[in-house]
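S.K.: Put the two chains together into one complex, using the hints given.
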Amino acid sequence: MRLHLTRRYRFAASHRLHNPQLGEEENKRVYGKCNNPYGHGHNYVVEVSVSGPVDPATGMIANLAELDAFVEREVVEPFDHTYLNEEIFEFRERVPTTENICIEIFDRLREFPRAKLERVRVEETSLNSFEYTGESLGSGR
Amino acid sequence: MVYLTRKIEFSASHLYHNPSFSAEENRRVFGKCNNPHGHGHNYVLEVTVAGDPDPATGMVLDLKELKEILQREVTDRMDHRFLNYEVPELSGQIPTCENIATVIWRLLQPNITRGNLHRVRLYETPDLFVDCYGETNGARAALGVSR
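Here the protein sequences line up with chains A and B, keeping their order. Once you know that position 96 of the first sequence is 96 in the working numbering, the rest is easy, because the numbers rise by one and skip nothing. Once you know that position 78 of the second sequence is 78 in the working numbering, the rest is easy, because the numbers rise by one and skip nothing.
Chain B extracted, bound-state conformation (with noise of 0.2 Å):
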């Protein structure tokens, strides 16, 4: 088994709100990232596909075909966006790492049809970062829930 890691970046805003939460309530919990305002991140993503290499090509998938999926899916979709509003994918969810990650794996999965994604990470600040390794069995049974 072979793990191929593609890196990208985004630059995008966001702001931490939930509209159940009082004013205050949302300034306790989100700090600063509740500026109504919102503000910015230069997000870096990077997506592993594990797998064997194809004998004929020696390649686990082909990075051009790749490259092409992360900029359909990720970069065109979040790239100088402004997370709440622009993303139909993260509406009504507050846009953390650990939900926009989460988002990420959802739109890639499908399309990896060579290898099988292994681990989305996404960085919001070099300090900061989430690692995704999608579903399994376990813990969707431990949660009781279909997501």
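Okay, chain A solo, but in the shape it has when bound (with noise of 0.2 Å):
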């Protein structure tokens, strides 16, 4: 059987969209209300799905206070009440757009050492959500 276990988290951190590399008014026009020079913030969530075969024993793919304490060392204590910008270190030469949150949460999980990472989507807000699966990304960065 195919199987992928989802496990949904929360953090809540600040943040501003802005390249350094374009001008002031390309960045009004680029990011909007996101531009905000004293940032602003997001209740985000965070999915995580995992695969893998599913342990007879236990009758899981993986254990949830494992997989818990993972993401809760990796993601959520580190983003949790932050100004991404400033306060996550990927996100000082990187705009932290919910695309790059999402990479980044990827990349922060790949190494989950019980089951293999299949998916990191981010909920930015209700309305907004970004997928993203690991896939190699363009040459830009």
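No lab work stands behind these hints: they were computed from the structure. Cβ coordinates follow ideal geometry from the N, Cα and C atoms, glycine included. Just so you know, not all the hints are guaranteed correct.
What the hints assert, rightly or not - Output of the computed footprint for chain B on chain A, the stretches with three or more beta carbons under 8 Å from beta carbons of chain B:
| no. | stretch |
| --- | --- |
| 1 | 47-59 |
| 2 | 62-68 |
To be verified - Here are the simulated distance ranges between beta carbons:
| no. | chain 1 | residue 1 | chain 2 | residue 2 | range |
| --- | --- | --- | --- | --- | --- |
| 3 | A | 92 | B | 59 | 49 to 55 Å |
| 4 | B | 92 | A | 2 | 19 to 25 Å |
| 5 | A | 20 | B | 113 | 55 to 61 Å |
| 6 | A | 113 | B | 28 | 17 to 23 Å |
To be verified - Computed, partial: chain B to chain A, Cβ under 7 Å:
| no. | residue |
| --- | --- |
| 7 | 17 |
| 8 | 18 |
| 9 | 102 |
M.R.: Have a look at this one:
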């Protein structure tokens, strides 16, 4: 059986969409309200999907307590109640759009030892969501 | 190809316990889910069928028919039941979301005669769900089993 187990996590954080290589006017035009120099925040929801054989002894793909502890340590704890642009090293040089947040979270969870990471889906608001399944990205990165 | 999804809910109780583990190991592996009295969830099941609409009816399959299949195969079997003791298909298995979704796939699959069963998604809570996509030849070969 092909099975994916998905767990939802939450963190709240602020960010500002701003690319220092673009001029002030261009930043305002591209990012609109999200370019506000004081930043703004969201309640992010992260869905983490893993796959693998079900252990007949436990009935599980992965022990949820282990998955929870791993995601907590790698993502929720470092991201929750932070200003992403300043406090997450990777976003000092990369605009913290939800696309990039999704990719960064996937990279942080890739090494989960108990199951294969299949997908990370991030909801920035209940109306916007982004998914990344780890396929290689273009040369711009 | 069009994907059609029908959702149902059922409420059931379960507990996680492996008789070949010691009491202490059961508590360590399964935590609160090992409570011998059991506990319950409001399960939400989303069943997705893929197919091309029949030109005569505009439907992939008749939703009424799918509703009846879900009532008979899932609700009648599992709703307001203690899954460990009252659902023979789960007997001898830990009734995790993974195993329940697999049982539901196997119950539904032979009954879907129009279109193809594409996905069974079972939510145990809004924050935990399993997607079952059935067997793939590759997966069967990799496991070296025919289950």
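S.K.: Run the structure past the numbered hints and jot down the numbers of the failing ones, going up.
M.R.: The structure conflicts with hint 7 only, although it agrees with all the remaining ones.
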